[in-house]
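Undergrad: Residues per chain, in single letters:
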Amino acid sequence: MKKKFMCLMMAMVMVLSLAACGGSKAEETPAESTGSSSEETAAPSGAAFKLGGTGPLTGGAAIYGNAAKNGAQIAVDEINAEGGAIQFELKYEDDQHDAEKAVNAYNALKDWGMQISLGSVTSKPCEATSAETYADRIFALTPSASATAVTEGKDNMFQMCFMDPNQGSASAQYIADKGLATKVAIIWKNDDVYSKGIHDTFTAKAGELGLEIVSDTTFADGNDTDFSVQLSDAQSNGADLVFLPMYYQPASLILAQAKSMGYAPTWFGVDGMDGILTMEGFDTSLAEGVMLLTPFNADSTDERTQNFVKKYQEQFGEVPNQFAADAYDCVYAYKQALENAGATADMSAEDLCAAMIEQFTSMTFDGLTGDGMTWDASGAVSKSPKGMVIENGAYVGLD
Amino acid sequence: MTFLNFLISGISLGSIYAIIALGYTMVYGIAKMLNFAHGDVIMVGAYICFYAVSRFNLPPLVGVILAMTVCTVLGMVVERLAYKPLRQAPSLAVLITAIGVSYFLQNTALLLWSSNPKVFPNFFTSGSGETAKTGVELFGGQLKISYVTLFTIIICIVIMLALTWFTGKTKMGKAMRACSEDKGAAQLMGINVDATISMTFAIGSGLAAVAGVLLCSAYPTLVPTTGSMPGIKAFTAAVFGGIGSIPGAFLGGLLLGVIEIFAKAYISTQLSDAVVFAVLIIVLLVKPAGLLGKQIREKV
Amino acid sequence: MKSLKLNKTTRWNYLTYLLVILAYVILQVLGSTGSISSSLKGMLVPICAYIVMAISLNLTVGVLGELSLGHAGFMSMGAFTGVTAAIALQDAVPAAPLRMAIALAVGAAFAALAGFLIGIPVLRLNGDYLAIVTLAFGEIIKSIFNNLYVGVDSKGLHLSLLSDKTNLAEGGKLIIAGPMGIGGIQKISTFTAGFVLVMITLIVVFHLVNSRAGRAIMAIRDNRIAAESVGVNVTKYKMMAFVTSAALAGAAGSLFAMNYSTIVANKFDFNTSILVLVFVVLGGLGNMLGSIIAAAALTILPEALRQFSDYRMLVYAIVLILVMLVTNNPTLKSFFSRFKPGNRSGKEAV
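Order-wise, the sequence lines are chains A, B and C.
Okay, so the first sequence: first residue is 3 according to the numbering used here, each after it adds one.
Okay, so the second sequence: first residue is 5 according to the numbering used here, each after it adds one.
Okay, so the third sequence: first residue is 2 according to the numbering used here, each after it adds one.
Some hints could be false.
Taking lysine-lysine pairs in the DSSO-like style, the calculated list, with each CA pair at most 27 Å apart, reads [said to hold, decoys possible]:
| # | chain 1 | residue 1 | chain 2 | residue 2 |
| --- | --- | --- | --- | --- |
| 1 | C | Lys42 | C | Lys9 |
| 2 | A | Lys185 | A | Lys156 |
| 3 | A | Lys313 | A | Lys52 |
| 4 | A | Lys207 | C | Lys9 |
| 5 | B | Lys298 | B | Lys175 |
| 6 | C | Lys42 | C | Lys188 |
| 7 | A | Lys52 | C | Lys237 |
| 8 | B | Lys88 | B | Lys291 |
| 9 | C | Lys188 | A | Lys156 |
| 10 | B | Lys187 | B | Lys88 |
| 11 | A | Lys261 | A | Lys180 |
| 12 | B | Lys291 | B | Lys148 |
| 13 | B | Lys187 | B | Lys298 |
| 14 | C | Lys237 | B | Lys291 |
| 15 | C | Lys237 | A | Lys156 |
| 16 | C | Lys174 | A | Lys156 |
| 17 | A | Lys261 | B | Lys148 |
| 18 | B | Lys148 | B | Lys36 |
| 19 | C | Lys188 | C | Lys174 |
| 20 | A | Lys185 | A | Lys261 |
| 21 | A | Lys312 | A | Lys207 |
| 22 | A | Lys388 | A | Lys180 |
| 23 | B | Lys148 | B | Lys298 |
| 24 | B | Lys175 | A | Lys185 |
Short, incomplete list of chain A residues facing chain C, as computed with Cβ under 7 Å [stated by the list, open to error]:
| # | residue |
| --- | --- |
| 25 | Asp113 |
| 26 | Lys126 |
| 27 | Lys198 |
The calculated label-pair distances, taken between Cβ atoms and stated as ranges, are [said to hold, decoys possible]:
| # | chain 1 | residue 1 | chain 2 | residue 2 | range |
| --- | --- | --- | --- | --- | --- |
| 28 | B | Ala199 | A | Gly291 | 50 to 60 Å |
| 29 | B | Ile271 | C | Leu114 | 18 to 28 Å |
| 30 | A | Ala266 | C | Pro95 | 54 to 64 Å |
| 31 | B | Gly188 | C | Thr11 | 48 to 58 Å |
| 32 | C | Leu160 | A | Thr366 | 27 to 37 Å |
Everything labelled a hint here was simulated from the structure, so no lab data went into it.
Virtual Cβ for every residue (Gly too), placed ideally from N, Cα, C.
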């Protein structure tokens with residue numbers, strides 16, 4: 003009996019879900035919007051470019067997805083409020099930092115009628131969606147998926163952030179040039195593409211430059227709380243600089259534990275470290291002297307940055323990190339490219355794709371995360387990472 | 005000296021696993037269900053305490069008590085709404101419901117408190133300002149034990165002893181043991197089974213709040229998924245020590261922490277998880293009911 | 002009475018085949034006329050993979066009666082070995098369907114081997130202890146694939162652990178790159194291949210369950226001691242069910258992996274094992290049709306909930322809890338059973 007009843011139940015659920023799936027296709031003018039604020043500002047449909055992106059909005063990596071979504075939302079609201087020829091309608095879908103869900107999310111966006119894409123926020127999902135955008139000829143510009151595999155072999159996939167290998171070798175170069183250390187320790191995240199990519203190029207470059215890597219230890223998702231072993235390995239091998247190619251959340255734990263151990267090397271981070279100062283409750287004295295390469299600085303006196311940070315804080319109650327800034331830049335880069343190309347919102351995704359490839363490989367863009375950005379045909383952006391050092395709880399530019 | 009330092013790190017990590025495992029084992033012993041939502045109750049407790057202390061500037065002790073109260077109520081409400089209707093259902097149905105509750109708590113936390121990590125304040129310091137100390141130093145500073153570790157171990161032992169006393173000597177505790185042996189027979193003896201199970205969840209969830217505060221004091225980043233991995237590890241620890249056994253959970257937790265740190269230190273940081281689970285498998289093969297678990301003979 | 006019951010099972014099995022074929026035909030027709038959304042179209046292959054996962058886990062949990070929390074480990078095994086085979090054979094076997102079939106077979110074979118090796122220690126345990134050991138094996142497999150490097154060059158396959166020491170010759174290619182998993186996979190999985198795999202899985206499972214061996218397996222589930230006392234070789238039959246289940250999961254893993262351009266070990270973690278377990282429990286233990294419907298419905302559900310945007314996963318959790326509560330509600334159950342007078346509940350596998 004129960005079997006049949008269950009089957010009946012499940013069949014009902016399935017029919018409902020199928021209906022819902024089919025239904026979303028029929029909606030040619032979606033009234034639903036991604037954020038709370040977009041509804042008032044969204045331009046009347048038909049006149050706006052449909053801009054879609056996927057990112058982890060729930061789950062363990064939700065900080066990055068939500069930051070990118072919010073950053074893009076602010077840019078879209080600003081552009082739509084200006085009321086120029088280019089109007090956007092933004093939709094972000096949740097991919098839970100998973101390749102499978104990212105493809106699902108991408109397909110949902112396609113049903114919605116996405117014309118240009120913001121790719122995915124994190125690397126591995128973006129690798130999966132970029133294969134789809136490539137096959138479907140939809141142009142994609144990812145704010146933050148930095149792995150090489152994302153753009154490899156795809157002519158319509160571009161990045162706003164710099165690629166992992168660049169960061170790794172730039173960091174090694176910087177350390178060697180400035181003579182910051184001769185003995186270096188690395189702690190990296192063993193199950194993360196981003197961390198692994200930077201680690202590999204860093205060690206290769208460090209070998210060339212004569213930096214000695216005395217300690218090379220890892221952590222992974224399940225054991226990212228205790229770093230005493232990794233830190234004492236670095237300490238006992240006499241490392242005077244510890245390189246941390248990771249996001250700021252584990253980095254904050256490492257800094258705290260090193261302090262309680264009494265270990266004070268030079269810390270060197272990458273762009274994922276940005277955001278550490280704005281974590282609620284974080285003791286910024288722990289990050290004193292941390293150096294990092296980051297394209298974005300929320301404390302910058304630059305007017306556009308200040309304006310962005312202010313708006314972000316008003317709307318979301320938090321200080322934006324580089325994911326938000328990168329996504330914000332993506333939207334403005336699109337605006338510039340679409341204007342240059344004279345594109346209109348009734349163009350098909352395929353036509354837009356061809357136009358965007360042409361624009362992005364030829365234009366120069368000034369954004370929050372860098373001035374004079376250009377893209378090469380591979381999709382990689384050329385912007386130089388800025389060296390920053392944290393002093394008195396704020397970034398200070400290194401020369 | 006590095007060996008001792010690693011041992012201390014291991015005990016520090018292990019004592020947190022132990023305190024979470026105590027909650028797991030309590031609920032398992034009485035309700036015979038794997039409460040996968042336990043890890044998320046820990047996260048809720050940590051958030052409550054964080055907001056009480058950081059936003060409303062309440063003293064830490066008040067924050068802890070508040071967190072315990074909220075978690076106790078939460079535990080009882082969840083039990084009443086999600087688990088009680090399934091008392092007659094197969095145990096797997098309850099397991100799935102517990103997973104549903106776990107998703108529910110995580111996503112509610114995400115909506116309420118956002119995905120941005122919060123840094124938990126360290127309550128366990130002596131002195132103030134620049135000279136504040138977070139731990140004791142032995143052998144001229146070569147060996148450091150943080151106050152959090154000391155407190156966690158002490159609290160863990162106290163809780164273990166209290167639970168052992170409670171289940172062994174008090175009337176309620178005896179009722180719990182009776183329920184765990186045979187619910188039907190317990191009911192016939194005039195024990196209110198529903199109230200007993202509800203009480204178990206209340207105690208388990210209260211303990212989870214304490215565990216949450218200690219977990220986040222030792223490893224201070226707090227996000228909505230904070231509880232899930234330690235939850236699974238603690239579940240492993242509870243099985244390791246023999247699930248249902250209170251001293252077993254304590255021992256299992258400590259050993260798991262120590263093995264994890266030693267595996268990282270002396271084998272490989274990359275394979276430490278694999279080593280931990282391999283040890284677990286070997287132990288269970290030698291002692292199929294865990295270290296201190298009772299080997300129940302099957303009735304023929 | 003006995004023959005009547007057997008007929009009922011057979012009827013139920015044929016109904017299952019029929020419904021699966023019907024679903025396939027309908028979806029194919031709809032697909033060719035372009036009337037299904039790309040969202041649903043993109044989910045067809047993963048749904049097939051999850052259906053096979055659910056059926057194979059149902060064999061372990063429902064038919065054999067042992068709780069396994071590490072089923073994603075076998076999926077992982079199948080995914081990585083299958084894709085490796087597919088990439089290595091890219092030039093040797095140009096026909097995609099054939100390469101696909103070989104990859105599925107390789108995935109299934111390796112997963113079966115893993116199932117056998119794991120089964121030796123695991124099947125000595127019972128209940129929750131067995132569950133935790135399967136969980137442990139799942140995590141170990143994940144950890145190994147996170148640290149495994151496999152490359153192929155003119156001299157054949159090269160393996161190394163922890164760091165890339167494969168030293169590939171000129172023109173060689175690194176297939177599994179540790180934590181970066183496998184990238185640049187050719188997407189050769191198709192809905193038809195998925196459908197065929199589901200049908201094969203059903204045939205294998207139904208034949209196993211309705212055979213002498215299947216009855217022995219169920220006898221062990223219902224009462225191990227009684228089964229042993231009448232001369233059933235417990236280890237042998239337990240192993241038979243476990244290895245079959247692992248092999249099917251491996252094939253499902255291959256199918257799944259070849260539907261995406263990239264795959265990482267972390268995808269096949271504890272949460273995936275739990276997800277599949279949810280399909281099985283929701284569909285009913287031992288009820289294959291239930292597993293199929295549950296797997297399909299619960300894969301579509303989170304996508305169908307996208308309109309809730311921020312509240313999506315919250316709604317999913319609530320739906321999950323409510324479905325468990327409603328399907329296990331005694332009042333509702335007896336209410337529904339009133340419509341079927343001749344069919345008393347309580348005899349069900351659950």
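Undergrad: Confirm or reject each hint.
TA: Hints, one by one, checked against the model:
no. : hint                            : in the structure
1   : C/Lys42 - C/Lys9                : violated, 34 Å
2   : A/Lys185 - A/Lys156             : violated, 39 Å
3   : A/Lys313 - A/Lys52              : holds, 23 Å
4   : A/Lys207 - C/Lys9               : violated, 69 Å
5   : B/Lys298 - B/Lys175             : holds, 23 Å
6   : C/Lys42 - C/Lys188              : holds, 14 Å
7   : A/Lys52 - C/Lys237              : violated, 59 Å
8   : B/Lys88 - B/Lys291              : violated, 33 Å
9   : C/Lys188 - A/Lys156             : holds, 15 Å
10  : B/Lys187 - B/Lys88              : holds, 14 Å
11  : A/Lys261 - A/Lys180             : holds, 25 Å
12  : B/Lys291 - B/Lys148             : violated, 35 Å
13  : B/Lys187 - B/Lys298             : holds, 19 Å
14  : C/Lys237 - B/Lys291             : holds, 23 Å
15  : C/Lys237 - A/Lys156             : violated, 52 Å
16  : C/Lys174 - A/Lys156             : holds, 19 Å
17  : A/Lys261 - B/Lys148             : holds, 11 Å
18  : B/Lys148 - B/Lys36              : violated, 40 Å
19  : C/Lys188 - C/Lys174             : holds, 18 Å
20  : A/Lys185 - A/Lys261             : holds, 20 Å
21  : A/Lys312 - A/Lys207             : violated, 39 Å
22  : A/Lys388 - A/Lys180             : holds, 14 Å
23  : B/Lys148 - B/Lys298             : violated, 38 Å
24  : B/Lys175 - A/Lys185             : violated, 63 Å
25  : Asp113                          : holds, 5 Å
26  : Lys126                          : holds, 6 Å
27  : Lys198                          : holds, 5 Å
28  : B/Ala199 - A/Gly291: 50 to 60 Å : holds, 58 Å
29  : B/Ile271 - C/Leu114: 18 to 28 Å : holds, 25 Å
30  : A/Ala266 - C/Pro95: 54 to 64 Å  : holds, 60 Å
31  : B/Gly188 - C/Thr11: 48 to 58 Å  : violated, 38 Å
32  : C/Leu160 - A/Thr366: 27 to 37 Å : violated, 47 Å
This entry does not satisfy hints 1, 2, 4, 7, 8, 12, 15, 18, 21, 23, 24, 31, 32, going by the numbered hints stated previously.
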